[in-house]
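K.L.:
I would like the entire structure built from these sequences, with the hints used as guidance.
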Amino acid sequence: MGDISLEEIKNENVDLERIPVAEVFEQLKCTPKGLTTAEGEKRLQIFGYNKLEEKKESKLLKFLGFMWNPLSWVMEAAAIMAIVLANGGGKPPDWPDFVGIVVLLFINSTISFIEENNAGNAAAALMAGLAPKTKVLRDEKWSEQEAEILVPGDIISIKLGDIVPADARLLEGDPLKIDQAALTGESLPVTKNPGDEVFSGSTCKQGEIEAVVIATGVHTFFGKAAHLVDSTNQVGHFQKVLTAIGNFCICSIAVGMFIEIIVMWAIQRRSYRDGIDNLLVLLIGGIPIAMPTVLSVTMAIGSHRLSQQGAITKRMTAIEEMAGMDVLCSDKTGTLTLNKLSVDKSLIEVFVKGTDSDGLLLAAARASRVENQDAIDASIVGMLADPKEARAGITEVHFLPFNPVDKRTAITYIDSNGDWHRTSKGAPEQIIDLCGLKGEMRRKAHQIIDNFAERGLRALGVARQTVPEKTKESEGSPWEFVGLLPLFDPPRHDSAETIRRALDLGVNVKMITGDQLAIGKETGRRLGMGTNMYPSSSLLGQSKDESIASMPVEELIEKADGFAGVFPEHKYEIVKKLQERKHICGMTGDGVNDAPALKRADIGIAVADATDAARSASDIVLTEPGLSVIVSAVLTSRAIFQRMKNYTIYAVSITIRIVLGFLLVALLWKFDFPPFMILIIAILNDGTIMTISKDRVKPSPMPDSWKLKEIFGTGVVLGTYMALVTAFFFWLIHDTRFFTNTFNLKEIHEKPDMLSAALYLQVSIISQALIFVTRSRSWSFVERPGVMLVGAFLVAQLLATIIAVYAKWEFARIEGIGWGWAGAIWIFSIITYLPLDPLKFVIRYAQSGKAWDNLLQNKTAFTTKKDYGKGEREAQWAMAQRTMHGLQTSESTVNEKNSNRELTELAEQAKRRAEVARLRELHTLKGHVESVVKLKGLDIETIQQHYTRRNNQLNEI
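Per the working numbering, the sequence shown starts with residue 1, numbered consecutively.
The reader is advised that the hints may include incorrect statements.
Dumping the calculated DSSO-like pairs for lysine-lysine here, alpha-carbon to alpha-carbon at most 30 Å [stated by the list, open to error]:
#, residue 1, residue 2
1, Lys559, Lys407
2, Lys576, Lys407
3, Lys438, Lys472
4, Lys472, Lys177
None of these hints come from the bench; they were simulated from the model.
P.N.:
Here it is, written out as structure tokens:
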């Protein structure tokens, strides 16, 4: 009977959404103690896995889909021309060209299919590791399991930041705040009380409670409305770039064909079939048919490499945005610091008579979770002699979990005498306000908090009250401020060096923290990232000092090193303002409160151990902690982007060189080059160029982005040069005896088939060799290419040379020219290849307007400053260190700044580097001593003055 009942539930014959919760347990044949593992597996056979059914795409349709894009349409049009329009002039249809075009399309589609299938499998395996997990009660034990194993009747735990894994009914507990925007479009979170239903896919914004699962998979509200959810890929910026480059190439071909049609048939009166052949040459050779494949495969392979470094890309095109990122808003806790908090017991401050530091610590432990702890709870409970003391002798009535709005936790409990009490711990400002501290007590609390902050310590407030009414809902007696606990979260050992690396890469790191301003400044000082930080209230035009009073908020955000006391809405506003200033902005986050900012940012980065909500909103999910993973991901993304950019310049150049080169040959010399040989060039080129996805490249030293004017400009100039070289070469072999006399070769100028072979080899060599020019930032023979690219080039050109030497294909109108001519053409190609590098530098110089250093001014931090403000930041850091160590007064700093202006640029840079290196050494030795002195509570000012006087005495000596 049980199976029949469950089948009825599966068929939705029972309304589990509206009946009382007690009846839900009866209908589902389960209890609040959950299911057994055996019962769960049995129900899994009935209800299936808790996931939406994926549509299995036909492999054949997927393969054919690679032939359905604008560039492929042009090639398909060329194939139709070869057998339909070419069927005239007393000649049969051009079957060899038709077959060749079809083979080219199949080769391209096959490579695309295999590579994308491999990349897709790899991505699926990686994403499986990010599959939603949930806490489920099985065999009366709580454990974390993958959400897909849930079945109706399971008891699950839902807390802040969780994405609800299945439709469920809430059990006893406090109300939840649930964000259902993804399902219903409601912009504000809704309150869900015990007994209410929560839907799969919604996010818990506040609270913690248990629930019983009533529907999974396709039977959930989300599953039924799946057709309303847009699961298709958005037409993003990358697709627009692809379209723009493809359109440029197609338009270039169209212009060339139009000119050929007018000149050949209207002016030169050439035969119909010869005209069709020349048009086919432009169509087949000019279209970069492999471009979509090369770029998508490059990103897929790059995505796999990123995952190996600890950064999993949820959205493939986030790679190009990561390459262009110039501002990174980083969370402090856990990213810049270790998130391993410890309590300094010697610095605990108690405000209540009759309570010592141990009593304050116990009160804080009472207001902490003993299971499922966060970092603060773990550090406080861990300070007790026995963690069980946190609940010893009391009965827990109610626990209020942390939420980002109240910023505190609280417990209501009954002591051994039967009296009711409530204890709370949290952000000191919240606890101070909760207790209503005023006058001297409030000033004392703030002074202690500031003293903690100056030492790099976070303060945690603790308060308590009695509950005479003996109900968890009652307000209780007035809160009593018990005291303050100092928490220390040390910076990661690699954070300072990582921030310097980021600055060298043109990425400005801004600290966004919920801690106090003084703590943010102290952390920034320790990490060398600057102390130009402001409270979050300054974002609203409040709490501004005189130096920034007149500064617009947008400019303040751009110039600040960070913000403290930040709430979720502040993070969103910071990202928004930076984007309005044309920055490519990255944002790290781990909690549900970070989700809006992660979604808004160009690159949302969910750090290791982030909540489901943060992962869902992000573009990249980190599997390793720390900032160094992000910087490594930036470098890898730039390398990936550089490969794609190199190829697009190459593709545009080849289009121009084919269209213009063969246009000149066809119109000036009335020479008809065989279309089949262009097909051979295209096939060999595609096979070689596929290896660029694994090429060895130097990442851009600064943020990079698609600059279509640069790509088109470089492609047009390089392509025009190669077209003119081809025209010059044809003039030499057709109208002169240069090669015959210089290399003592046989005459070929009256043999069209041999002329075709010679022209084919020259075009093939220099066309493929161009990739070595576009892939390098300096001289192409200095930057070593990848082994696969070199190997593919050598194999392709060996085949091309053998064809030119030996081939005697009447259908393709080609006849071998022998090794002598092949050697001469290789020498000519090498000589004409050499000017390509200088020409590349000239193009770059012209496009920059001044020099390469100025080329990347758009969308980078501190756009009006040299090296993106790196020099100025180092100088500011050095000046702050000199003043802090008593080596220089603020007045002499100003004088030195003025004198530096008179130095040459080279001398200034050398001086700055030497000073920074010296101060870093001093900072390393003396900074640690200073930190210890501060923690011991010694008078640092007296020591500082003595240190300065001692230095002055030594200088006088």
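K.L.:
Decide, hint by hint, whether the structure agrees.
P.N.:
Each hint tested on the structure:
1. Lys559 - Lys407: With a Cα-Cα distance of about 29 Å, the restraint between Lys559 and Lys407 holds, given a limit of 30 Å.
2. Lys576 - Lys407: Holds, at about 24 Å.
3. Lys438 - Lys472: Given that 30 Å is the threshold and the Cα spacing comes to 27 Å, the pair holds.
4. Lys472 - Lys177: Roughly 19 Å separates the two Cα atoms, so the pair holds.
Violated hints for the displayed structure: none, as all numbered hints are satisfied.
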